[in-house]
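A.B. asks: Residue numbers (this note's numbering), protein chains in the order written: chain A, 1 to 206; chain B, 207 to 427; chain C, 428 to 670.
Treat the hints with care, since some could be wrong.
According to the in silico footprint, chain A covers these stretches of chain B (three or more CB under 8 Å from chain A) [stated by the list, open to error]:
id, segment
1, 216–229
2, 283–291
A few chain A residues facing chain C, derived, Cβ under 8 Å [to be verified]:
id, residue
3, 18
4, 19
5, 24
A few chain B positions that, by computed beta-carbon distances, are all more than 10 Å from chain A [what the hints assert, rightly or not]:
id, residue
6, 213
7, 238
8, 278
9, 294
10, 318
11, 321
12, 334
13, 411
Rather than coming from a laboratory, the hints here were simulated on the basis of the structure.
Remember, predicted model here, so these are calculated numbers, not experimental data.
Every residue, glycine too, gets a C-beta built ideally from N, C-alpha and C.
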Amino acid sequence: MGFQRVEIRADGIACRRGERLLFRDFGLTAASGTLTEIVGPNGAGKSSLLRILAGLLKAEAGTVAVVADGRVLGRDDEPPSGLMHYLGHLDALKNPMTARENLAFAARWFGAAHGIDAALERVELKAQGELPVGYLSAGQRRRLALGRCWMIARPLWLLDEPTAALDAAGRALAAELIAAHLAAGGTALAATHEPILAGAAQAMIA
Amino acid sequence: MSAFLALVRRDLSLAFRVGGGPFLGLAFFLTVTALLPLGVGARLNLLGEAAAGFLWVSAALAALLSLDRLFQADAEDGSLEQLALGDLPLEAAVLAKCLAHWLTTGLPLALAAPVLALMLNMPAGGYGALVLSLLVGSPVFSLAGAIGAALTAGLRRGGLLLSLLVLPLFVPVVIFGAGTVTAAINGAEGDAAFLLLAASSLFALVLAPLAGAAALRIHLS
Amino acid sequence: MLRYANPKRFLDLSAALLPWLWLAAAGLTLTGLYQAIFLVPPDYQQGDTVRIMYVHVPSAWMASFIYGFMFVASVVGLVWKHPLADAAAKEAAPIGAMFTAVCLITGALWGKPMWGTYWIWDARLTSMLVLLFLYLGYLGVWAAIEDRAKAARAAAVLCVVGVVNIPIIRFSVEWWDTLHQGPSVVRFEGGKLAPSIDPSMLWPLLIVGLGCTLLFFALLFVRMRTEIRRRRIRALLAAQAGG
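Next comes chain A alone, as it looks inside the complex:
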């Protein structure tokens, strides 16, 4: 796949939620072809860090730089959000719409590298494609959301608890998807409570 090689660098990040300073002086570098697992206790600010990296949340201090094909993106470039896909702890699926319709919307909203059928097949939801998402189990919905990441195929994945609600087979599938993404030159960061891939880099938020 024709991914751009994307690296994301965070330096001296501080995050405040309400009156609380969640963390400060946090830095990481996530290179192309690597998964960085962001670990830390509940409430440490793992989700907030991902939102900062995605550009949704403004850091109290520090900088985030996105490097595409060796060049630091600046103000004059296209916004880096076009290079990333963010999957929050919510699946961002519409219950009244079928799995296929949800993917079809995402494909048109973000642009897609793979077909909808291929995506459904990839996450083993071919049989559930015509079902309204409201009928799917939490694990199936999570798989569908991961299938959306695969379909959209952007180089940088920011995943918040990607394996939440997944059973053993689901976790293996998620690991396989992420490993394939890395093998294709993608970059991934995941906030997680459990190890996702052997050999992943770890970034600890205290």
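Got chain A; can you put chains B and C on it based on the hints?
C.D. replies: Just chains B and C, lined up with the frame of chain A:
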């Protein structure tokens, strides 16, 4: 453009599947119209005189019904982040959602209004103006409403606050809209009211996406 | 300006200023009202009821002035992200709402002897009523959003939207008033500051107006001081919870 239309289509199909689409707003419109004669008495002169203003006020209230879900549903299921991270600016996403909202509320009300005007004995001569003014003015309900909806997205009891926030913004459109119809009924020369209505609508078209997107970014942060 | 915008400096400065503010506010307001009640001659048309004007008109001024003040504070808060500006906008709002309510109530009390009814849908009163709704909406946003920083920004956006819309609302209401003005309605000119007003009636009005302005700042400073301390307590509690 295809992303914009995709969002409009998604919201339309959602509106038809969960909100009853345009029918809920229409049913509300019809119900309050039936209440007016029951409340003030079935004096045809009185009803006919009040009809234009009353229909405009009902249209404003009918639009309010569905506004609190405009961004709330997206905020609850995580879709808002996806909308914010798409290639289209968030302002365009707000505009697309307003368009879908108007297509399922303002447009059907504008088309149904003559029937209700007939039930209220509105004098002849105002019917064309009623439909035209609602077509031009009711987008403000969706647009200005979107600002309030964005500000209250994610709040548990946002609906009530939303009404308080947006009703003052509805004041000029209701005045100019009802004024357009009244002027047409009286056969008054000049279309100042209609031009002012159109101007308000254009102004909302510019302001609402900017303010709505700013409010959504606050919610997302 | 930003030199004084540090909360600590604000606490020191406002503590020094407040006694003088209170004194000047009370002195001016009471002097103006004394003149209005005892020295100004009764109006040849309105009689003694004209004295209500000395509360009604300054309240109307303050209602508009405070919304403008909130607008400036909101913009400063949005652009420079200064917590003191957010606090100023937040704490000004209830005072503004109070002046708006006083303006409406005195308007109604004045209306009874003037037109024989407590409420007429006159353009000015209607605009004031809409302004009250804008104030209530602003307060509602602050009350509804728990995260202070988010509430500050959401309220600021609402305030800016309100200010952009106020001229349109005012214009539309005035337009509506001319449209619906029946021939029997007595036009009400007393509330307008007509240039022909006698200086002996004008001076007390200006004095009360200035007194109310100072009263607003005195109340604002007290409220802001409370808010700053409230924030400190919350920060301390959060630090304790964070262990």
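A.B. asks: Hints first: check each against the structure and report whether it holds.
C.D. replies: So, going through the hints one by one against the coordinates:
1. 216–229: As far as the segment 216–229 of chain B goes, the hint holds, because 5 residues have Cβ atoms under 8 Å from chain A.
2. 283–291: holds (count 8)
3. 18: Holds - the Cβ of residue 18 of chain A comes within 8 Å of chain C, reaching about 5 Å at its closest.
4. 19: Constraint on residue 19 of chain A satisfied, holds at 4 Å.
5. 24: 13 Å, violated
6. 213: Contrary to the label, residue 213 of chain B does not stay out of reach of chain A, its closest Cβ about 7 Å off (not over 10 Å).
7. 238: 28 Å, holds
8. 278: 13 Å, holds
9. 294: 8 Å, violated
10. 318: 25 Å, holds
11. 321: For residue 321 of chain B, whose nearest Cβ neighbour in chain A is about 30 Å away, the distance exceeds 10 Å, so it holds.
12. 334: Consistent with the label, residue 334 of chain B stays out of reach of chain A, its closest Cβ about 38 Å off (over 10 Å).
13. 411: 22 Å, holds
In terms of the numbered hints stated before, the structure departs from hints 5, 6 and 9, listed from lowest to highest.
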